[in-house]
Every structure is written in C-alpha cells, then in structure tokens.
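**Q** Residue numbers (this note's numbering), protein chains in the order written: chain L, 1 to 702; chain C, 1 to 702.
Mixed in with the good hints, there may be bad ones.
You can't tell identical chains apart in this list, so a pair holds if it fits in one copy or across any two.
Below, simulated DSS-like cross-link-like pairs (lysine-lysine); rule was C-alpha separation at most 30 Å, straight line [what the hints assert, rightly or not]:
1. Lys647 to Lys24
2. Lys197 to Lys373
3. Lys577 to Lys24
4. Lys24 to Lys373
5. Lys647 to Lys197
6. Lys577 to Lys373
7. Lys657 to Lys197
8. Lys197 to Lys24
9. Lys577 to Lys119
10. Lys657 to Lys24
11. Lys119 to Lys370
Honestly, the hints are just simulated from the structure, not real lab data.
What follows is each chain in one-letter form.
There are 2 protein chains.
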Amino acid sequence: MTAVPYLALIASVLALLLAYYFAKVVLRADQGTELMREIGAAIREGAMAFLRREYRWVSVFVAAMFVLLLIVPIDGRPAASFAYLMGAVLSSVAGFVGMRIATAANTRTANAARQGAAKALPLAFKGGAVMGFSVAGLALLGISFNYLLWVKWIGVDQAFQVVAAFGLGASSIALFARIGGGIYTKAADVGGDLVGKVEAGIPEDDPRNPATIADAVGDNVGDVAGMGADLFESYAGSIVAPVVLASLLVPVFLDGDSLAGSFGDAEGLLMYPILIGALGMIASIIGALFVRGREGRSLSGQLHTGQYVAMALTVVFAIVGTLVLFSGSPTFGGYELSAPIFLAFTIIVGLLGGWAIGFTSEYFTSEHFKPVKGIAQQSETGPATVTIEGIAQGKLSTLPAVVLVVAMIGLSYLFGGMAFGDAGNEIGLYGVALAAIGMLAVTGVIVAVDAYGPIADNAGGIAEMAELPPEVRGVTDSLDSLGNTTAAVAKGFAVGSAAVTALALFKSFSLTAGDQVLLDINDTAVTIGLFLGAMTPFIFAALTMSSVGRAAQAMIVEVRRQFAEIPGLREGEPGVKPDSRRCVDISTQAALREMLLPGGLAVVLPLVIGFIDVNALGGFLAGAVVTGFLIAIYMANSGGAWDNAKKYIEAGAHGGKGTDAHAAAVVGDTIGDPFKDTSGPAMNILIKVMTIVSLVFVPAFL
Amino acid sequence: MTAVPYLALIASVLALLLAYYFAKVVLRADQGTELMREIGAAIREGAMAFLRREYRWVSVFVAAMFVLLLIVPIDGRPAASFAYLMGAVLSSVAGFVGMRIATAANTRTANAARQGAAKALPLAFKGGAVMGFSVAGLALLGISFNYLLWVKWIGVDQAFQVVAAFGLGASSIALFARIGGGIYTKAADVGGDLVGKVEAGIPEDDPRNPATIADAVGDNVGDVAGMGADLFESYAGSIVAPVVLASLLVPVFLDGDSLAGSFGDAEGLLMYPILIGALGMIASIIGALFVRGREGRSLSGQLHTGQYVAMALTVVFAIVGTLVLFSGSPTFGGYELSAPIFLAFTIIVGLLGGWAIGFTSEYFTSEHFKPVKGIAQQSETGPATVTIEGIAQGKLSTLPAVVLVVAMIGLSYLFGGMAFGDAGNEIGLYGVALAAIGMLAVTGVIVAVDAYGPIADNAGGIAEMAELPPEVRGVTDSLDSLGNTTAAVAKGFAVGSAAVTALALFKSFSLTAGDQVLLDINDTAVTIGLFLGAMTPFIFAALTMSSVGRAAQAMIVEVRRQFAEIPGLREGEPGVKPDSRRCVDISTQAALREMLLPGGLAVVLPLVIGFIDVNALGGFLAGAVVTGFLIAIYMANSGGAWDNAKKYIEAGAHGGKGTDAHAAAVVGDTIGDPFKDTSGPAMNILIKVMTIVSLVFVPAFL
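In isolation and in its complexed conformation, chain L is listed as follows (with noise of 0.2 Å):
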C-alpha cells in the first residue's frame, strides 16, 4: 500500500527520462540550410521571449496568491502555499522544457521532410513526446512528492488539502497560457492574414508579410505552450480531484468519523487514484515507443497505434493493479469492498469515454463525415449561410458529447456503489472520480500526439519560408493533416475529462463545506449564484474574442505601416526584409495586455462570491461547469469544422480554390479562429479553476 506513492515516483522519472532521451534524438537531427536555421532561430527567439515575459507578469500573480494562501486561514497551512508554488513552477518548466524542444523540432522535421515523411513523422512525434512525457511525468512526480513529503508532518486529511493546491498551482500557469497564447496565435494569424493575403495578395507564410513570424511563433505559443499548461493542469487536476475526493468521502461514508481515524483501513482507497497514474504513464511510456516512422506503412495508422497500445495496456494493467491492491475484499470502516473489480471498470469507463467524445469531435469536425460536408455546401450560397451552418453544427455537437458525459457520471456512479456490493449508494461518487483518472491515465501519449500537429504545421511554414522545394511542403502538408485528426481525440479527452474533474471537484467543495453549505436548487442564493455562475462562460468568451479582434487590429496597422514605409517589400525585391521582430513584439505585448482582465476574473470572482455567501458560490459553479463545458465542446467544434469544410474545398469540392464558396469556406475559417484556438479551450481551464480554488479556500469562506 504504501508503496504506490513510490512507484509513482518511479512512473514519473522513467517519463522524463524518456523526454530526456527524445529530446537527446531531437536536438541532433540536422537543422537544414542556413536560411532554415535563421528562421527556426527567429521562431524559436520570440517563442520563448514570450513566454519569459509571460512567466515574469504571471509570477507577479502568482507571488500574490503565494501570500494570500500564506495569511488566509485554509488548511493545510503553510504547506498548502509551498505546494502551490511547485504546482506553478513545475508547470512552468513543463512548458519551458516542451517548448524549446518543440522549436528546435520544427526546422529539424522540415529538413527530415526533404528526405520523406517516413523521416519527418517521428521526429515531430519526438518533439511532441517531450512535451507530453515532461508534462505527465513533473505532474505525477509532483503529487507524490508532495503527498509523501507532507503526510507525516501535517496527517493525512491536511495533506490533501496540500495536494489540491498543488493543482491550484498549476491552474494557474494554465489559466494564463491558455489565455495568453491563445489570444496570441490568432491576433497574429488572423491579423497576418487580413493584410496579407485579402489586401497585398500575397501567399499565406510568404517571408514578404512581415508577421509570418509572429504567426509562426503563435502556432509554439498557443498550441504547443498553452495546450501543454493546459493538460498539465487537466492531468494534475485528474489525479488531485479523485485523491481529495477519496479523502473527503471515504471518512464521511465508511465510518462517519474523521479521516484520522479511518485512515488506517481506507488506504488502499486514497492510494488508489495515484496507482492508476502510474500505472496509465507506464503504458503511455510503451505506447510511445510503438512510434517509429517505419516505411511503407500507413502514417496515421503509426500514430494511432501508440495511443491505442497505450489504451489496451492502461486497461490490462487497471484491472491487474486494482485486484492485487485489493486482493481477498478488503472491509473499510463497516463497508467490504465485495467487488472491487467494479473499480476497475469505472476507470475503463472513463477512458473508453474521453475516447469517445473524441470520436465524436472527430465525426463533427472532419471531412468525411455529414457535417462538414454540410458546411461545405453551404458555402455554394455565401459567408452568411456557411456560418450559420457551422454555429448550428457546432452547437448539435454538445448532443453527444453530453450524453457520453451523462452516461459516463451515471455508470462510474452505479459501478462506484456496485464495488462495495450496493449500487446506488453515494459512495458511487468515488467511482465519478475515478473516471476522470481513467480518462487523463494515457496523458503523456496524447499530449505527444496533440503537440506533433504544431510542430508539423511549423514544418511546412518553414518550408515555405526557406524556399524549400514544393515537394517537401507536400510532405509536411500530409504530416500536419494527420495531426489535425488525431488532435481531435486528444480535445475530446481534455474537455471531457474538465467536466468530470470540475465535477469531483465540485463535490469535493461541497463535502468540505459540509452542513454549512445548502446546495438546494430552491435557494433564492443558489438560484442567483446558478445564474452568474451559467453566465461567466458566456462572457469569458466575449471578452476572449474581443481581445482576438484588438490584437489582430494592432497587428493590422503595423503590417500595413511596414508595406507602406519599406520600399520594394511588397515587390519582394532581394534584400528587403520585413520587420518582424516589431511584429513579434506588438503581439506579444497585445496578449499579456489582454490575457489579464479574464485570467483575474476567473480567480477573483468565486473569491468575491464565496466571501459573500457560500450556498452562491454553490451555484455559481454548477452553472459555470455545466455552461462552460457545453460552450467548450460548441466552439471547438464549431472552429475545427469550418477549418476543414475550408480544407476541403481547397482540396477540390465545390469549385475548389480560387471560387466564391472557396472565399466563402475562408470567411468561415476565420471566424472560427477564436472559437477553436482562444475561447474554446480557455473554458476547460475557467472552470476548473473557478472550482479549485473555490475547493482550496472553502474553509476561509465559512
């Protein structure tokens, strides 16, 4: 039993000796020409200018919450503050370490693109494992850690409270890169765009649009920095939520008494949501060594293999580790864990389910499927017909997607209770949070795929940059398509598992509020804090989109200035450079502007609620959770479905390039810039972090 936490921190130092190794393979491929390595250099520059300037606003933010958790009076207390600050260093190096690879990997695949995509695909697929291992592996290493650390000085009960501010810790590096990188990467495409291709004419990635650049290092700082801190987050969070929850209901529900008490026989309990992390990380450490880029097999098929080994293993080993743990039912309090099977099944529910959802983004989302196909017609009739097309494909989407969630609660619920030979009972909740477990157990492996696509894109704008040869742009325009698919699976785990994860910890909020907190529906309280809370998704996203639309305004302005100062720019005469740091600079500075008014929002206001009545902030987080996931799933898929209806058309449908449905289709496309890449995937980590720190300072609200 107690040996799970150190196999933990075994799992997690064989993950990031992995990165290690990866990175190793990575760093000494050949960068190309001279021209690839100045412009991998210039991507790489401003990529990681942002994020120190990033890390230097948010450490501000950080430091404060540093010392509000030092003087509040939640539990846990001085350690709670300690652990905060290695949730949000630990994140920080995550993404500092997976960036910097990522970067270097792009001009590396670019120039392995020259020589076919059997060399390209797995050293893209390196550079997304080292984000993906180090992400996993520091988030593991850092709960168990902390866990083993603090558990014999402060008990256990006060120990996961100083795991649930680990998780804070790291929300809050997620919240801000997210928002940050998101507002970032679309500022700089849309603003790139706009300019060059609609009023100079010129291609998408020509070196004469002085914010090629720029977009370029937006594709590092949103999709490989911000998704990075996001499943950082999401993978901390997954494992924090159930730990806690465990620790909070096991008391309550097998003896009534305090955890301190119990805690002798619930062990196996509170150890097990960590077992199954190490478990998952070993398997997704497997999975990813099935990768190897063999030739004359298929590429996707490659890929797909190392998630589903991954998969298989996860289940194999789940079922393995759980009744060895729980070997001959063992009795908790006055309850026997008769079945304890049913435990694994809750985790096997959890990840067939974030599977699932990511099935069914995929169905919406890509171009062999009804609803793009859909949108793509709809573009014969114009903008205005393909939108509203996309808006009500996007939002038929939640259909599924809430009905896999749904279904997922209500059988982890039944299984949780069918363990302990009575289904039904509330203590089913265990089994709620050991579906979020079971949904981020393969993290690493899926990070690995998810951050492969930028990497992959980067590729072929390098390509394009460095006047490669149009083949080799052939081959990374393959490499990157196969991204978009398999990234679609890794959205559904992130923003299936949010739901799940806001929801134990939701429950965890309320069990630590105990009597104090009336979470009827009836409440005038709750009634009011239902509708705040259901608004704030709606207004994060408004905010988010408008900032999208300030940055790329700013953007706009000094792309024009640079065509109509610099002569024979737009000529592309030898010699004449555009820029771009300029460009850089203006979007960088443009989103750390706007990233602070929603990323403080999102702290301060369940602060403000909570403070003011408790049963509020009840509702507030109900309606947030429930209303911010559905808008999740709603944008996502919105983005991603005009993206590819615009895909397709280019590919030859309607006319292909060049026609009104093919400008149409674009219209789409951009609009869907924010919805997919900004606002979208801040709503996963805007409930999460309303919901744990909500959990973290209950006990200074009561």
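Knowing the structure of chain L, use the given hints to seat chain C on it.
**A** This is chain C only, laid out in the frame that chain L set:
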C-alpha cells in the same frame, strides 16, 4: 376580496372593447390603389392560410395533450383538460384576430404614408394595439373566468392547478407559433435575398422576385402572429406563475396546513396577482389612448409616451391597490402582513427591471452606442471580423441582463420577506413571483408597440411593390426604424419575464413535488439533469437554425427555377408575373414540417425525464432555464446589433452602400436573421413550456 376576479373580468372586457374599436378604425381607412389592394390581399391570404394550416397541425397536438391530461393522474381533472383547451383556443383566437387586423393595417398604413408620417403612425400603432389588447384581454379573461368557474366546484387548491393548465394551453400554441413562424419568416427572407439580391441582382422587395410576397407574409407570420402567441403565453404565465406559487407557498409558510384550511385567511395573497393584472390592464388602456399621431411632435416621443403613461399609472395603481386590499395590516395564519407596501415595491421592481433589461438590449443593438459602432468598424476588415465582434457583443450583453435579473430576484425576495417584517424568510419567494407580474402588467401597450414594427415594415414593402413614389418609402422607413428601438424594450420585457416566470413556475414545481424531490446539486441525478437541461437550448438553437437553412434552400431552388423557366421575369417585361403562391406554399410547408421536431422535443423531453426520475427533472429544468435565458439574450442582441450595424453603414458610415464594408455588414445581418427572429425568441417559450409541462404533470411523475 372576492371582487378582484370580477374587476379582472371587467378590465379584460374593456381591453377587448378597445381592440374592437381600434379594429374598426383600421378597417375603415382607405386601402389605396388597385395594385396595393391586390398585394395586400396576397399577403393577407398567404398569412391567413399559413395560420389555418398551422392551427390544423397544432390541433392534433392539442387534442393529444387534452386526452393525456384526462387520463394521467394530475390535479384538477377533468377541469384541467378543459382549461388547457381554453388556453389553446383563446391564444389561437387572439393570434387570428391580431393577424387579420395587422395584415389589413399594412396596406392602409402604406396608403396613409402618402400623406405623411403623422397620418400613418396612428394607423400602424392601432393595428398593433388590436393584437396587444386581444392578447392581454383574452388571457386575463381566461384566467379569471377559469378561476371563478372552478373555485366553487373543485376547491381552491385544485382551482389553481386548473389555472396552470390554462397556461400550458397557451404555451402549446405559442411554442409552435414561435418556431413555425420564426422558420417561415427567415426562410423566405434569407432564401429570397440570396437569389434575388445576390444572384439576380435585383433590389429587396422587388415585385419580380417570386419570394417577395412570401417574405412579407413571413413578417406577419413570424413577427405578428408568433410574437402575439408568445406574449399571450408570457402574460398568462406571468399571472399563472405567481397565482399558483402563492397558492402553494401561503399554506406552507403561513400555517403549515393544507390550503383548504387557510384559504379564508390567505385569500388576499392569492388574489393579489390577479388584482395587479387588472390594474396594469387599465393603465395600459389609458396609455394606448395617448398615442395619437399629432403633427409637429416627435414620432418616437408619442410612442414612448404611451408606454411611460402606462408604466407610471401601473406604479400608482399598484401602490393604491395594495394599500386598499391590505389595509390594516391583516394577519395570515401566524404571520402579520405588517408592511404591505413592500409588496407593491416588488411589482415596481419587476416593472423597472423589465424596462432596464429593454434598455440594455437597446444599448447593445442601437447604432447610437458603442457596440454597434464597433461592429460596423470591424466591417472594414471583412465579414469574418464583423461576425466575431457581433458574437462577442451579443455574449457580453448577457452581463447586464443577468445582473438585472439577479438583482430583481434578490430585491423582490427581500421585499417579499420585509412585507411580513421578516427579510430573508422563504416567504420572500412570493415577492419573486410578484416581480414577474409587475414586469408584464403593461403587456397590452407593449405588444401594441412591438406589433407596430412589422406593420410599418410591411407597409414599406407594399409601397415598394406597388411602385409608390420614393417619399412614401421614406416615410414608412422612418416609422420602421422607430419600431426597431421600441421593439428592443418589448424584447427586454419578454425575455426578462421569461426568466422570472420560469423561475416562479420552477419553484411551484418543487413545492408541488414536496419532500419527494431532493434538488441538491450534489445529487447525481440532479447533476445529470443539469447537464441535459443546459444542453437543451443549444440543441434547440441548432435545430431551428438548421431548419431555417433547409427551408431557405427549398426557397432558393424554387426562385431559381422561376427565373430560369418564366421568360421575361428577370428582365421585368410588362405583364410577366412570378408565381408567388408557390413560394408562399413552399415556405408554409417547410416551416410546418421543420417545427415538429423542436416543438415536440420541448414537450416530450420533460415528460420522459420526469417519468424516469423527478430529481433529474429538477436539475434539467434549472439548467434549461438558466442557459435558455442566456442564449435568448445573446442571440437576440447579436442579431439586432448586426441588423443595425448594416443600417448604420447604409446611412453612410464607413463608405455606405455598395462598399466592401457594406457587403461585410450584410453577411452579419444575414447570420443574425435566424439568431434574432427564429432561435433566440424560441428560447423564451422553450424554457416556459418545459417548466409548465413539468408543473402540471408532477403529480403523475410521483
């Protein structure tokens, strides 16, 4: 005390007499040229034909519900079945009469516009007022009649359930009228515009376009009949909800006994909402008589005067009526109504809240304020940025609306308690229910002003089609733009009251269910319900938007066919006429077919969930009400803002008509069409239908 229902009967008869008088005035006015008569007749026939066919389809649904209410064990059988039928029939009658007069008023307004705005304004207003006072008069008549009819026979508590069934009848009609009408009007509008303006290059409302008549029919079907049925339902609901809630709350809080025992005491509290309805009606009648169209005075001032007089009188009447009804601080059960004036304050809170929500709608949708100007500004960079900014502003507009609704709920809850000398007591819920009736007390005059808009719009269309001189079109345009501002206020009342009414109905649902429902958000069934409920408005929006798209496509195909097959049509050769009837027919069929799925879902979903698990239904309703309210505001305001951004540009901003900026704004406007006229308005009814179905059927669920 017992005089109150009779006072309500008298007020409703006065309202109907006013409607009759206004109808006479309208029908007596001159219809203009032969061509105008012809066009007017075509529009009237198309609109009435749609209404007849819609009623035929809906009558099947109503008959099925009638039988269901007879056989399922609900309260107040069989009276409830007949009250249901009466609610449905009276709503249909109000719609029929209002539509008949509105379609008569449009040609006559066009003709009067030849003599200037001062002649045209009162005609258009009177046309709208027939709808307004038919709606309010018949609703109040039905409620007071049903109450008086049944109270003696089946006892007080059952009588209130019968009143709820009346509300359900009204909702059934409103649901299908809103959805069907909303799909019809936008299918004809979008479909006609896309072929006419975009492909054939002929202006809007050109008689050569086969869809022009269908478009005009759509304005009546959607904006007049749909909105009338909507407000019949809103008004009935706003009286039914507090009446039923009072009948449930009063015995629970005042003496804990059953209603039958305490009724003698509490009668005043039960009659009070009906009294306010009657007083508000009289105030509205007086207000309506103030709109006269005097020469030399500002037109908007005259329309506003009617509204403000009605509101001010309602405040005065409410204070006096309250003090008279509750003179001497009567005691109910053990509670003394020590400060009855606070009950009048809840009415005033509702009235001002509705007005304030309307004002925020105006802020976000009028070209005089920053949001619309910002959207117009974004048109300079194309349709994508227009769309992004419009969506962002619409979502942002939920902030003031939610803050106002939450403030209304909080204040009226507080005042409700203070009336009994006990602020914070649960009896304060009575105050929340009263706020809803306060909000809609002036329905008559509000609907009048709202229905005025489409009449003025139609008059403009007729002037165009009948080839009247451009000055006439100028006059009708000025009347129309006036209608847009006043309509924003009406929309504010409609959406604000929907939230408060649905809330009151929801509380009634829980009280009826009593101890058998546990609405703790932490309960797993409630959580699942919350997710499903919050999802429903998203699906509803998706379905209705897709319906508009499909119906518009059917129209596009037909218009293209006519231009291709009727020689000389496009060129406008004399004597060549399009086959308008076929277009009207296609819109009618498409709208009726498409309304079945969303309409059916709204009724079936709560029934299915309720029979499975009543706790889940509670969560479902809470999620649906909150999210539906947010989406209603967002879609209505985004749509309105795009519409006015386009008009702002057409008036000369950013280069005016014919520029790329204008083309971009037109795309925004077209996207906004189903937002503001189909999906958005349907949300108000969706949330009320679902709560009222649940309320009526709750005895059967348990």
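**Q** Give the relationship of Lys657 and Lys197 under a CA distance limit of 30 Å: within one copy only, between copies only, both, or neither.
**A** both (13 Å within a copy, 24 Å between copies)
**Q** Cα distance capped at 30 Å. Does Lys657 pair with Lys24 within a copy, between copies, both, or neither?
**A** Intra 41 Å, inter 60 Å, cutoff 30 Å: neither.
**Q** My question is about Lys577 and Lys24: at a cut-off of 30 Å on alpha-carbon distance, are they close within one copy, between copies, both, or neither?
**A** neither (34 Å within a copy, 77 Å between copies)
**Q** For the identical chains here, do Lys24 and Lys373 meet the 30 Å Cα criterion within one copy, between copies, both, or neither?
**A** neither (43 Å within a copy, 54 Å between copies)
**Q** Checking an output row: Lys647 and Lys24, CA cutoff 30 Å. Within, between, both or neither?
**A** Answer is neither; intra-copy 35 Å and inter-copy 61 Å both fail.
**Q** Is it within, between, both, or neither for Lys577 and Lys119, if the alpha carbons may be no more than 30 Å apart?
**A** Answer is neither; intra-copy 32 Å and inter-copy 67 Å both fail.
**Q** Should Lys197 paired with Lys24 be assigned to within, between, both, or neither, using CA atoms and 30 Å as the limit?
**A** neither (38 Å within a copy, 61 Å between copies)
**Q** Is it within, between, both or neither when you check Lys577 against Lys373 at 30 Å Cα-Cα?
**A** neither (41 Å within a copy, 37 Å between copies)
**Q** How would you classify Lys647 and Lys197 at a CA-CA limit of 30 Å: within, between, both, or neither?
**A** both (16 Å within a copy, 28 Å between copies)
**Q** Should Lys119 paired with Lys370 be assigned to within, between, both, or neither, using CA atoms and 30 Å as the limit?
**A** The answer is neither: 34 Å in one copy and 54 Å across copies each exceed 30 Å.
**Q** Is the C-alpha distance from Lys197 to Lys373 at most 30 Å within one copy, between copies, in both cases, or in neither?
**A** both (25 Å within a copy, 26 Å between copies)
Of the hints listed earlier, those the structure fails to meet are numbers 1, 3, 4, 6, 8, 9, 10, 11, in rising order.
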